[in-house]
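Visitor: Listed here are the chains, written in short residue letters.
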Amino acid sequence: MNQLAQIDEALVLWLNAFVGRSALLDSVMEALVSDYLVPVLSSLVLLGLWFSGTSDAERYRNQLVTLTGGIAVGFANALVTMANLLTFRNRPFVDLDINLYFYAPTDSSFPANPASVGFAIATVVWVRHRRFGAALYVLASLWGLARVYAGVHYPTDIFAGAIVGVIAALLAAALVQRLAFIPRHVFKAFRAVYIA
Amino acid sequence: MLSAFLIDYIAWVFVSTLCVIQLAAARSGLWGILYARRWPRATMGVSTLVIPAVVLWYFMTGERNQPDTGLGLDANIQAFWFAVSAAAAANVTLVVTSVINHRWGKHHGWDCRSGEAPPSGITWLSRTTFFHAIRARIAHSRRSSPKSSGG
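Sequences listed follow chains W and S, in order.
Counting from 1 along the first sequence, just add 12 to a position and that's the residue number in our numbering.
Counting from 1 along the second sequence, just add 663 to a position and that's the residue number in our numbering.
Take the hints with a grain of salt, since some may be wrong.
Said to hold, decoys possible - A few chain W residues facing chain S, derived, Cβ under 7 Å:
1. Q189
2. R203
3. A204
If you're looking for bench data, these hints aren't it; they were derived computationally from the structure.
Quantities reported herein were computed from a predicted structural model and do not represent experimental measurements.
Don't be surprised by glycine CBs; every beta carbon is placed ideally from N, CA and C.
Take the sequences, apply the hints, and build the full model.
Guide: Right, dumping it as structure tokens:
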């Protein structure tokens with residue numbers, strides 16, 4: 013465990029050392045690390061899927077992906093909250109000499125909530141749409157990388173957050189499949205007023 | 664009172680949602696909800712360019728990495744305003760395209776006198792507009808309600 017912690021710290025310090033070396037890199041990371049870029053882009057993909065499809069059956073499957081994505085985000089947040097009740101880890105900027113490139117969050121570093129949300133949506137989409145899902149996985153990974161670059165998470169926080177996200181996605185998919193009659197009826201009502 | 668930060672966020676999501684809906688509609692053949700029904704490829708091209716442009720605008724016109732204890736938005740508030748902005752953009756799209764495509768949308772092929780229910784679902788918006796579709800649904804409901812069956 014000690015060795016893992018040392019590797020974790022070494023990676024954060026190595027990546028964070030790039031802060032300030034390139035204005036372009038810093039600008040890109042500043043956008044990627046944001047609380048808004050990846051969530052908004054991921055949500056827009058889910059929204060686009062709601063309207064996508066050339067047949068009723070395809071559209072229904074896409075709309076189920078949108079619904080499952082929303083549920084997966086809820087589950088991911090819940091799982092991270094539960095994990096935070098059991099364990100608290102200081103952020104890297106608290107314990108290390110870090111060039112902090114973000115505001116200073118006060119909640120636990122482990123597991124990384126952004127990674128859990130990003131990977132939850134990516135997993136849900138990937139099951140049905142490999143290309144969109146792969147793009148969202150890349151986006152979620154870049155978000156995680158930016159968080160380490162900025163000094164607000166350790167790499168293991170991101171890795172754990174990703175696992176939480178995938179679990180949340182699988183739970184959401186299982187729930188939607190088990191209770192399939194609910195979206196079937198709700199979407200039928202939405203279709204009557206042409207919003208599904 | 665909405666802060667400038669929040670207004671920028673709402674504007675970003677609103678414009679992006681307009682573009683995403685146009686992109687999805689053009690790809691899926693939902694001609695009734697396209698602003699430029701005759702130019703679906705141009706619609707896809709413009710939407711694909713505007714989405715990253717709006718992202719650039721958002722991140723280059725202000726310091727966006729603010730804590731939610733300050734100017735920033737916490738996750739729940741962000742989700743709420745995303746939903747509000749996206750719903751507004753969707754509604755604007757449905758209303759405006761219903762007006763723009765009004766004449767085209769009349770020829771949707773469903774006859775209210777046939778007694779059959781109009782098609783349901785967004786798929787019908789490939790042949791008509793949202794307003795025509797809702798109107799058809801209301802007309803059918805009125806015809807098939809107990810009062811209208813005479814007696």
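Visitor: All hints, please: hold or fail.
Guide: Verification of the hints:
At about 22 Å, the closest approach between the beta carbon of W/Q189 and any beta carbon in chain S exceeds 7 Å, and the interface hint on this residue is violated. For W/R203, the interface hint holds, the least distance from its beta-carbon to any beta-carbon of chain S being 4 Å, beneath 7 Å. Interface restraint check for W/A204: the shortest CB-CB distance to chain S comes to about 5 Å, inside 7 Å, so the restraint holds.
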